[in-house]
Amino acid sequence: MAAARTLPRWADVLLVPLASVATAFVIGGLVVAAIGVNPWSATRELITGSLGDSEAIGFTLYYATDFIFTGLAVAIAFQAGLFNIGAEGQAYVAGLGVALVCLHGGALPPWLLIPLGAIAAAAFGAAWAVVPGILQARRGSHIVITTIMFNWLASTLMAYLLVNELRAPGSMQAETAAFPAAATIPSIHTILAGVGIQIASTPLNLSFLLALGCALATWVFVWRTRLGYELRTVGANPAAARYGGISPAYITILVMGLSGALAAGVAINEVMGVQNRLLLDFTAGYGFVGIAVALMGRGHPVGVVLASLLFGMLYQGGAELAFDEPKITRDMIVLVQGLVVFFAGALEGVFRRGIAGLFAVRPRLPASQPAPVRPSGTHP
Amino acid sequence: MNDTVAGAAFILASSLRLAVPLIFACIAGLWSERAGIFDIGLEGKMLLSAFASALAAYETGNAWAGLAAGVVASVLLGLVHGFASIDGRGNQIVSGAAVNMIAAGATATVGHAIFGEGGRTPQLDTAASRFEDIVWPGAGTAGHVPLVGPLYRDLVSGHTILTYAALLCVPLTAFALYRTRFGLRLRATGENPAAVDTAGVSVRGMRYAAVVICGILCGFAGTYLAVAQAAGFQPNMSAGKGFIALAALVFAKWRPWPALATCLLFGFLDAVSIRLQGVVVPGIGEIPVQAIQALPYLLTVILLAGFIGHAIPPRAGGIPYVKER
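Chains as they are written, first to last, in the numbering used here: chain Z, 1 to 380; chain V, 1 to 325.
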């Protein structure tokens, strides 16, 4: 594309996402104003609510943990040219793996039980993602449709298991019995209290560090290993990859497995870190936030972590805002999320071409000689 | 004997009621995807039109005003997707996912801001503000006639005008797609847009037309949910019906008559799963409702994987068309 080449790298990496995300937030602000709430005070409240004190920050990072996991899951699939819409279902089924280990491994010590639970989560999440991967690689199914269907299958399967099989005896709630204490991932505030630092009690737990570790591992894997190179080649040009001796089918299945395993982090954070039991719909749409996060972060782990922090702020600050402003509900976040997906994802090309157009115009102004003739813009 | 027939007629009638939004949404998706615009945003358009129609029907007290508002809202949201997919040359799956999120967020937010009930709109309690069931002549007395009586009473008579419209939109779609020049061009746009362009027909125009038709039909689907089936809007009331419609579209291999059959089948499964709740079937035991609810998704996955026939989407689907320069 001729217009894209004129864009400097820094503008491509920074300006395009910033412009598109800013547009999403401006429209969100207009909706807030239309509802009759001052968008400036709402923004202020959102920021103090998410960063104002150690409690707010703890909650923000706790939400961000979930989004890093699902964002990485969507991003790694993007790098291989696959659109995994199924992070939600993969995280949900991963919760089953956690529950099975934690409910039956009560006698184990924490240092064994927690890693086992995490491994089970990753295995279940990966299994739920590998099936669509295999169906795409070997049977030619469309991965988008299959993963959408697998989200609904996960939802019906888990509803059945929680209502009929896993429900604690005598309980009216569709949830398992509480896990043994050994299955609880230590929270950050108890660890810090152990070394003498007092912060507010929040759901933030060690899963956050695991999420950051996963982000680093994803970067190393995708950009610093041979397999990662093959993965990106398949994403960029499957025909060239096949010519180069890479099996796109194998890469597809592998990447879907990794993607599902990353999505499983939500189950680790929520089920083992916070709830200590498996409950209905604990994923709460976080898998879909992962789509927004991955698009906003341009499919790169650093971008994903930054976008997750922003969405963590939105979720935590939005909850505080909904509490203080009776006119605003947390559904507002879903709207903003949709706007981010739209502007940073679907209209990304429009923003890039628009900004490239600005860059193409600018050098002509001071220079006296005519600007080099470029192929005319690819859009009206 | 007569009881069995009456029971069957009842189940079939409720299958038909549950199938109506699926038929509208599935045919809507068919128009869009046959022109090469993938649309996973059927759910979002349905939800937005359900909200708009409930709001308008409540404010005006007129169900037809509700339908108009629902259709307009759905078409506008469809044009957002259309702009991103056609002029913006963006990823149509991403855009569809965005449409779903925007609709879910916007309806609940605005609904709550207006009525303060967590997003619900007030009950539509006057007769004119809803689409009422139409009772055909003699339906009451015909119920006593063996066999055909209950079928006439429950299946033919006693539905809202939107139900008949849904059944009518299938032959109309089939005719328009396969028997008119417009339909031929539209299908060609989804298979080989370059050829359409060479013939001097605007690919852009055809695709926008398809997106608008898709929006109109999704508007009918949403209006049916809020102003005919229910009496008002609730957040997330589309509850995945847009995705079942998408599944039906794949299952029907993007053809109108099979789409109708699939939607009726999925509606039937839905009706049966409601009916079988807690019922113990002799010899099998209690059938879990979830197993029946999962069937549409499972069948679609199996079909898509080519284990029963092959579902091949329109060839140019999802690919933005760029004129060569």
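Simulated from the structure, these hints should not be mistaken for lab results.
From a predicted model like this one, the values you see are computed outputs, not experimental measurements.
Even glycine gets a Cβ: it sits at the ideal position worked out from N, Cα and C.
Possibly wrong hints are sitting among the right ones.
To give a feel for the contact side, a few chain Z residues facing chain V, derived at Cβ under 10 Å [stated by the list, open to error]: (1) W10; (2) V13; (3) L15; (4) V144; (5) I145; (6) P326; (7) K327; (8) L339.
How the hints compare with the structure:
1. W10: Violated, because the Cβ-Cβ distance from W10(Z) to chain V comes to roughly 23 Å (cut-off 10 Å).
2. V13: Where the cut-off is 10 Å and the nearest Cβ of chain V is about 19 Å from V13(Z), the hint is violated.
3. L15: Where the cut-off is 10 Å and the nearest Cβ of chain V is about 18 Å from L15(Z), the hint is violated.
4. V144: holds (5 Å)
5. I145: holds (6 Å)
6. P326: The hint holds - P326(Z) has a Cβ within 10 Å of chain V, the shortest such distance being about 7 Å.
7. K327: Holds, because the Cβ-Cβ distance from K327(Z) to chain V comes to roughly 5 Å (cut-off 10 Å).
8. L339: holds (6 Å)
Against the hints set out earlier in the document, violations occur for numbers 1, 2, 3.
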